[in-house]
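Enquirer: Sequence:
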Amino acid sequence: MSSDHHLGLNVSNNGEIDHTTNLSQNISALFMKADYSDITLKVDGLEIPAHKVILAARSEYFRAMLYGGMRESSQTEIELKGTNKFAFKELLQYIYKGQMSLNLLKEEVILDILGLAHQYGFVELEKSISEFLRQVLSINNVCAIFDAARLYQLNYLTKVCATFMDSNAPDVIAHESFLHMSIGALKELIIRDSFYAPEVDIFRAVVEWGKANSLDSGPDLNSVLSCVRLHLLSTNDLLNVVRPLRLVSSDTILDAISMRTSCKDSLSLYRGLLRLDENVAHKKFGSQVLQGEMRAALLDGDSHNYDMERGYTRHAINETGDGGILIKLGSQCIVNHIKMLLWDRDTRSYSYYVEVSIDQKEWTRVVDHSNFFCRSWQSLYFEAKVVRYIRIVGTNNTANKVFHLVSFEIMYTNTQVTIENGLIVPRHNVATQVASAIVIDGVSRSRNALLDGDTQRYDWDSGYTCHQLGCGSILVQLGQPYLIESMRLLLWDCDDRTYSYYIQVSVNSWDWEVVWDKTRDHCRSWQYITFTKRPVVFIRITGTQNSANEVFHCVHFECPAQIDLDEISNRNEKPFSQDFRNRPSSHNPQQWSQPVIADVIIGSEAIEDDDNSSIASIVEVNGPRCIGYIIPPDIVHIEVNEDDELR
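The sequence shown lines up with residues 1 to 647 when you count with full-length UniProt numbering.
Simulated from the structure, these hints should not be mistaken for laboratory data. There could be a bad hint or two in this list.
What the hints assert, rightly or not - Straight-line alpha carbon distances no greater than 16 Å define the calculated EDC-like cross-link-like pairs of lysine to aspartate or glutamate that follow:
{"no.": "1", "residue 1": "K339", "residue 2": "D307"}
{"no.": "2", "residue 1": "K42", "residue 2": "E79"}
{"no.": "3", "residue 1": "K328", "residue 2": "E383"}
{"no.": "4", "residue 1": "K339", "residue 2": "D441"}
{"no.": "5", "residue 1": "K89", "residue 2": "E47"}
{"no.": "6", "residue 1": "K52", "residue 2": "D35"}
{"no.": "7", "residue 1": "K211", "residue 2": "E176"}
{"no.": "8", "residue 1": "K159", "residue 2": "E176"}
{"no.": "9", "residue 1": "K159", "residue 2": "E188"}
{"no.": "10", "residue 1": "K339", "residue 2": "D277"}
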């Protein structure tokens, strides 16, 4: 029997029929219906009809319970003990419909649903509820959410809650919900260096928590009190607030007083605000410059508008080092990263060091570049510390006796950086303009062509940096000192010429070390340089020979080399390898591309000499045919001319 209403159903152009909406509606209609039900779930006195196959299809937990041979497999009624019926009904509706309206539910019900989702293995629902809770975090609910996140091992939500409480510590400990935290959650919270509130207030809050949980004394309360940093309380608070309660022994109080005077430089001693990747040396946080000339410019956030007369803070450089630029943060902060801009409108270099302190009595030097030349932007990393004061002291200026600082930022970052002996061991190329490197000596149509990263667009007239043989060199200065153990450079190779050269490094432009000597070799194209790791600021590349003319040409320079050190070793040592590439036509010198490394192998198209013995083979490398001659092993240098003849 047919009906015209069937003509209204849609069919796609490729013949696909999609009626999943109807299917979803039909399954959803079975929710809380006795029709076709084959099991009853008893939850908190409420009997709920359900369907085994739907429960098992949606949850591994129910699949194991109902079809895994367990006792419940043969039962028609199952009691789910210790389960909130309101939360379970919402979860069951989600099982049948795949939908849930969290905005309509109370927070305590949502947390119960989160627990059920964790128990029954609804991972996607767990993630969705966690994201919703992240969005609605407040002082009123964060303690309960933090407790639940820890209980269900939701690491992301736990971290988000902890960060929120760090930023609002005084309000958190004053809120009534703080008294209902579990002992584990409470200890994890107050032991954090970044949970920053007056320590006497933290102590009082813990005492109130103990009273609310009927823990006036005993091991549980003592374990929480041990997380309070009594050495951060004043002597007056220790004697007049802590001692009268008799919750802490007199010896412990005396130890706290002793620690206040004996240990200064330890992160574990102090608490501080932690604002991830946010500059805390800003006026909006109450930070200010206490010492230095022209103080207003340093923290204004303007790193573009400055010249010889304005836009920087300065101090006179003297041998005693008692001057410097002093910054006070608005509060104690946990920091491990500084970004600052040295005045860089010419090629001058500066030397300096940076010290930090909590109280201006004990200073810790976190950066010491007093023996290195530095320029422009400085990106500095050090072990995380709680800081209130920062002192930047200039020790040298190659132009005059004044230290100029244009911009200063300090923050905490999760960026992973390797530090050895106070210097960064970079993974990425730091010989770039972005990293404040410049070419000081060398001739080029574009001053920093050597550092622009372009290894494709170069020809007879542009795209390289050069110097006259026997006169001068190519000199590169990095923005700051790094520990370097590799470099890579590209010699101009638009024909078959070869070069000889050597490389020196320095930290101050007058003490030089030779790290690479190729004065007796004939080199071309890519060069891979390795040496013992050492501090480097300046790199001087000096050409000594060019087989075509009296000029040394270099297209690209980078350090560290952006390939694996083992690969550098293999390329430098492998005897039967050679760089092969298309030879440029005379009318199109720019057709050269990145070099291709190819091993000399015996191929199917062997070339024979006069006595019919195979001496070479045709090697296919990305299209072009290249000749690689099989020669005695004591001859390792292979060159092929344009007629494919061994040279």
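Enquirer: Does each hint fit the structure? Answer for all of them.
Expert: These are the hints, each one checked on the structure:
A distance of roughly 20 Å separates the Cα atoms of K339 and D307; the hinted pair therefore is violated under the 16 Å criterion. For the proposed pair K42 and E79, the alpha carbon gap of about 4 Å is at most 16 Å, so the pair holds. Taken as a hint, the K328 and E383 pair is broken in the structure, with Cα atoms around 20 Å apart against an allowance of 16 Å. About 27 Å separates the Cα atoms of K339 and D441, which puts this hinted pair outside 16 Å; it is violated.
A threshold of 16 Å between alpha carbons decides the hint, and for K89 with E47 the separation of about 11 Å falls inside it, so the pair holds. Taking the CA atoms of K52 and D35, the gap is about 13 Å. The hint holds against a cut of 16 Å. Distance check on the hinted pair: K211 and E176 sit about 13 Å apart at the alpha-carbon level, within 16 Å; holds. The suggested pairing of K159 with E176 is violated, with an alpha-carbon distance near 22 Å, which exceeds 16 Å.
Taking the CA atoms of K159 and E188, the gap is about 11 Å. The hint holds against a cut of 16 Å. Between K339 and D277 the CA atoms are separated by roughly 11 Å; this keeps the pair inside 16 Å, and the hint holds.
Taken one by one, the earlier hints fail for this structure at numbers 1, 3, 4, 8, listed in ascending order.
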